[in-house]
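Starting from the structure of chain S, add chain Y where the hints point.
Protein chains: 2
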Amino acid sequence: MKEIAVIGFGVVGGGVVSLVDENQERIAQTAGDAVHVKYILDLRDFPDSPYADRVIHDVDTIMNDPEIALVVETMGGVHPALEFSTAALKAGKHVITSNKELVAKHGAELMRLADENGVAYLYEASVGGGIPLIRSIRTSLATDRVDAINGILNGTTNYILTRMRDGGISFDEALAEAQELGYAEKDPSADIHGFDAQRKIMILAAVATGYIADENDVYAETMSKLTTADMDAAKRLGGAVRLIGSFKREADGVSVFVCPRIVPGKNPLAHVDDVYNAASVAAALTGDVMYYGRGAGRYPTAGAVISDVAAALNGSYRTESVRTWENSPAGFVKKFADSKNRMYVRVSGASVQEVMDAAHLVFGDVAAVPGTPAGVSEFVTSLMTERQLSEGLSSLPGKVESALRILD
Amino acid sequence: MKEIAVIGFGVVGGGVVSLVDENQERIAQTAGDAVHVKYILDLRDFPDSPYADRVIHDVDTIMNDPEIALVVETMGGVHPALEFSTAALKAGKHVITSNKELVAKHGAELMRLADENGVAYLYEASVGGGIPLIRSIRTSLATDRVDAINGILNGTTNYILTRMRDGGISFDEALAEAQELGYAEKDPSADIHGFDAQRKIMILAAVATGYIADENDVYAETMSKLTTADMDAAKRLGGAVRLIGSFKREADGVSVFVCPRIVPGKNPLAHVDDVYNAASVAAALTGDVMYYGRGAGRYPTAGAVISDVAAALNGSYRTESVRTWENSPAGFVKKFADSKNRMYVRVSGASVQEVMDAAHLVFGDVAAVPGTPAGVSEFVTSLMTERQLSEGLSSLPGKVESALRILD
Numbered sequence: 004m005k006e007i008a009v010i011g012f013g014v015v016g017g018g019v020v021s022l023v024d025e026n027q028e029r030i031a032q033t034a035g036d037a038v039h040v041k042y043i044l045d046l047r048d049f050p051d052s053p054y055a056d057r058v059i060h061d062v063d064t065i066m067n068d069p070e071i072a073l074v075v076e077t078m079g080g081v082h083p084a085l086e087f088s089t090a091a092l093k094a095g096k097h098v099i100t101s102n103k104e105l106v107a108k109h110g111a112e113l114m115r116l117a118d119e120n121g122v123a124y125l126y127e128a129s130v131g132g133g134i135p136l137i138r139s140i141r142t143s144l145a146t147d148r149v150d151a152i153n154g155i156l157n158g159t160t161n162y163i164l165t166r167m168r169d170g171g172i173s174f175d176e177a178l179a180e181a182q183e184l185g186y187a188e189k190d191p192s193a194d195i196h197g198f199d200a201q202r203k204i205m206i207l208a209a210v211a212t213g214y215i216a217d218e219n220d221v222y223a224e225t226m227s228k229l230t231t232a233d234m235d236a237a238k239r240l241g242g243a244v245r246l247i248g249s250f251k252r253e254a255d256g257v258s259v260f261v262c263p264r265i266v267p268g269k270n271p272l273a274h275v276d277d278v279y280n281a282a283s284v285a286a287a288l289t290g291d292v293m294y295y296g297r298g299a300g301r302y303p304t305a306g307a308v309i310s311d312v313a314a315a316l317n318g319s320y321r322t323e324s325v326r327t328w329e330n331s332p333a334g335f336v337k338k339f340a341d342s343k344n345r346m347y348v349r350v351s352g353a354s355v356q357e358v359m360d361a362a363h364l365v366f367g368d369v370a371a372v373p374g375t376p377a378g379v380s381e382f383v384t385s386l387m388t389e390r391q392l393s394e395g396l397s398s399l400p401g402k403v404e405s406a407l408r409i410l411d
Numbered sequence: 004m005k006e007i008a009v010i011g012f013g014v015v016g017g018g019v020v021s022l023v024d025e026n027q028e029r030i031a032q033t034a035g036d037a038v039h040v041k042y043i044l045d046l047r048d049f050p051d052s053p054y055a056d057r058v059i060h061d062v063d064t065i066m067n068d069p070e071i072a073l074v075v076e077t078m079g080g081v082h083p084a085l086e087f088s089t090a091a092l093k094a095g096k097h098v099i100t101s102n103k104e105l106v107a108k109h110g111a112e113l114m115r116l117a118d119e120n121g122v123a124y125l126y127e128a129s130v131g132g133g134i135p136l137i138r139s140i141r142t143s144l145a146t147d148r149v150d151a152i153n154g155i156l157n158g159t160t161n162y163i164l165t166r167m168r169d170g171g172i173s174f175d176e177a178l179a180e181a182q183e184l185g186y187a188e189k190d191p192s193a194d195i196h197g198f199d200a201q202r203k204i205m206i207l208a209a210v211a212t213g214y215i216a217d218e219n220d221v222y223a224e225t226m227s228k229l230t231t232a233d234m235d236a237a238k239r240l241g242g243a244v245r246l247i248g249s250f251k252r253e254a255d256g257v258s259v260f261v262c263p264r265i266v267p268g269k270n271p272l273a274h275v276d277d278v279y280n281a282a283s284v285a286a287a288l289t290g291d292v293m294y295y296g297r298g299a300g301r302y303p304t305a306g307a308v309i310s311d312v313a314a315a316l317n318g319s320y321r322t323e324s325v326r327t328w329e330n331s332p333a334g335f336v337k338k339f340a341d342s343k344n345r346m347y348v349r350v351s352g353a354s355v356q357e358v359m360d361a362a363h364l365v366f367g368d369v370a371a372v373p374g375t376p377a378g379v380s381e382f383v384t385s386l387m388t389e390r391q392l393s394e395g396l397s398s399l400p401g402k403v404e405s406a407l408r409i410l411d
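These protein sequence lines map, in sequence, to chains S and Y. Numbering-wise, the first sequence is residues 4 to 411 according to my numbering. Numbering-wise, the second sequence is residues 4 to 411 according to my numbering.
Here chain S stands alone, though its shape is the one from the complex (with noise of 0.2 Å):
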């Protein structure tokens, strides 16, 4: 028998409880012992749960028994989530994870911290809820390359683009639904602006190199300025427009951002609707893999922390690649400025011709948009750099609409 803790009795952490208690013979057999939830930590008392009689106050009635080997950490944001993982380390307990802010901010010192303690620190839950992305990367492509994942990581701003296309109505309104129905947080603000895709690609570019950018270092750019008229962009160019968070590793560094895409209809991300999330992995060897599922939500995400205990109570934790992560060193992901992108562009206030005109001037070969509306110009440029990219739009005629980067 494995005793664990659980600290943050939330919609994970609670799932994770529930879990342990419901599936104890198919944990058994993969953790390879069975699990029991001797501890509940959470500031909260929660006087109806039959869980009652386990939750606890003081962080170290967990620290200090020794019969506790393995700690949840559910909690969410920096601090004491660091805290509490840093002393559970030293303790020599294996700390599994959901947190992916803490994890994108403090994974290196926290998995060196493991290393040294011989034991895991495992955070597949951290990105793509139910989705075994990591794990998957870590282990059956770990004799591979991965060269670039392109990822739909969030789920909220996922279905507020697929209610803006299908339903027709705007970003406020679709915000507003996705706020009803318990997918948007009252302040949406890290999913909107792009701050949750940013720290998942992050932690998959991190789990492909080993190294771990600087949050300053990934461009995030928000969602939140689309409009329909660039969800019937994307519809006229054959595909549809996605929150994409993109690694690629290049000649010059890696790239690491995000930002909405019009996805082509020929890449199976332009086909994920509502709240799931995917990621497409680009592996050397094996070619394009992508990976679909339930990017949320409380059975998902526990089930991901679920795997990883077993993971780090059978020990298959340690035949896993990318165990620790370093720093990424200065230079290690490329200025945003030097990615190379295609654009679409979409002008007001200015005729066709003088906008076409300058668009040639500037950048060169531009390709039409089928079925432009009246009263705007509209065109797609070649492959260029950022920096000439926003030169471009700064001396065309007019206003600037939409520029939308195409994921090729």
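You may find that some hints are simply not true.
For chains that are exact copies, the list does not tell them apart, and a pair is met inside one copy or across any two.
Here are the simulated lysine-lysine pairs, BS3-like style, with alpha carbons at most 30 Å apart [as the list claims (entries may be wrong)]:
#, residue 1, residue 2
1, Lys337, Lys108
2, Lys238, Lys269
3, Lys189, Lys402
4, Lys338, Lys251
5, Lys343, Lys402
Think of the hints as simulated: they come from the structure by calculation, not from any bench.
This is chain Y only, laid out in the frame that chain S set:
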């Protein structure tokens, strides 16, 4: 240094040998030790190969060499692959295979033998080429319960279906094209009649349940009778025709079968084109997870073999779930006649009035299909057993041009 042998120097075996050479460092890191191919067993000689000096013709050289820790079997077919695999396992050597026919027919006994001898018998490459599907189910989803799998498991037939739809060409034309491109073999019967997909869904169902079905209990229907009229009907129903291998846990047993299906557009499998493979896995906690990638090809398949080589040598296979299969007891796989499906039906040679009257009489409520062309009648049944469907079809007036199950 771990010495290994490769049996069968064809497309996949050749890929394995060159990958082991070219990816020394990454493989050593994951496998825990450097890996070297000492012998290549084949009937032929390869005087021009850089590996000519390792080619041998006597299997006993491998079996009697205590240095050989692992054998890769990429020869295909049951004999002598079964005898060679048996001998290797008895000699305490791990066996890694890409041979789906052998795994489907003799996997249970080979896994038991491996277990008795404290070694691995692994088969990731037998299904879905480079898609890391089997290991993901056996690790990440091991603490969950897989309730259903629907897969596009054969790239050749998916290419044919894509070309029939997009090119408006007949089955025969699309098959000829696939043969020219090397996607289909001269004798394509294993692909087009569903036998290849049948073996693969049997293997996946066994990974999910621990029981391998008897081939005779697994219904497989050819896709060679499909027409462009079927592609058109699927499009009018908002979907696409795909050859689907299905596994489902039901109250009275499991259903396992292969047949062409109309896949609705909201299902991501409808958007898997060309030679790509995909499998949608429904797990109790995690929900639907889809895996998508190259189902065949030298490097994807060889890459999957190498990931198994690493799992065998680093010992992590010991923590994977469903390490051995049992042969399924009688009645474990439900009779296909008792499976329930909805069906699209197209009838010619009788008036629409006659056909629809009869359809209502024998099938009860049926749904209309948008845009039915002149000269035929079309409808979609509600959910009913295959027995009811087949009785109903035989009592319709006119000629049943097509009867395609719908994937719900």
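Check: How would you classify Lys337 and Lys108 at a CA-CA limit of 30 Å: within, between, both, or neither?
Finding: Answer is within: at 19 Å inside a copy they meet the 30 Å cutoff, but 52 Å across does not.
Next item on the list: Up to 30 Å between alpha-carbons, please classify Lys189 paired with Lys402: within, between, both or neither.
Entry: neither (32 Å within a copy, 59 Å between copies)
Margin query: When Cα atoms must be at most 30 Å apart, do Lys338 and Lys251 count as within-copy, between-copy, both, or neither?
Written below: within (13 Å within a copy, 49 Å between copies)
Note to self: Checking an output row: Lys343 and Lys402, CA cutoff 30 Å. Within, between, both or neither?
What the structure shows: Within one copy only: 23 Å inside a chain, 58 Å across chains, cut-off 30 Å.
Margin query: Reference check for the pair Lys238 and Lys269, CA-CA at most 30 Å: within, between, both, or neither?
Written below: Both ways: Lys238 and Lys269 sit 12 Å apart in one copy and 16 Å across, limit 30 Å.
Checked against the numbered hints above, the structure violates only hint 3.
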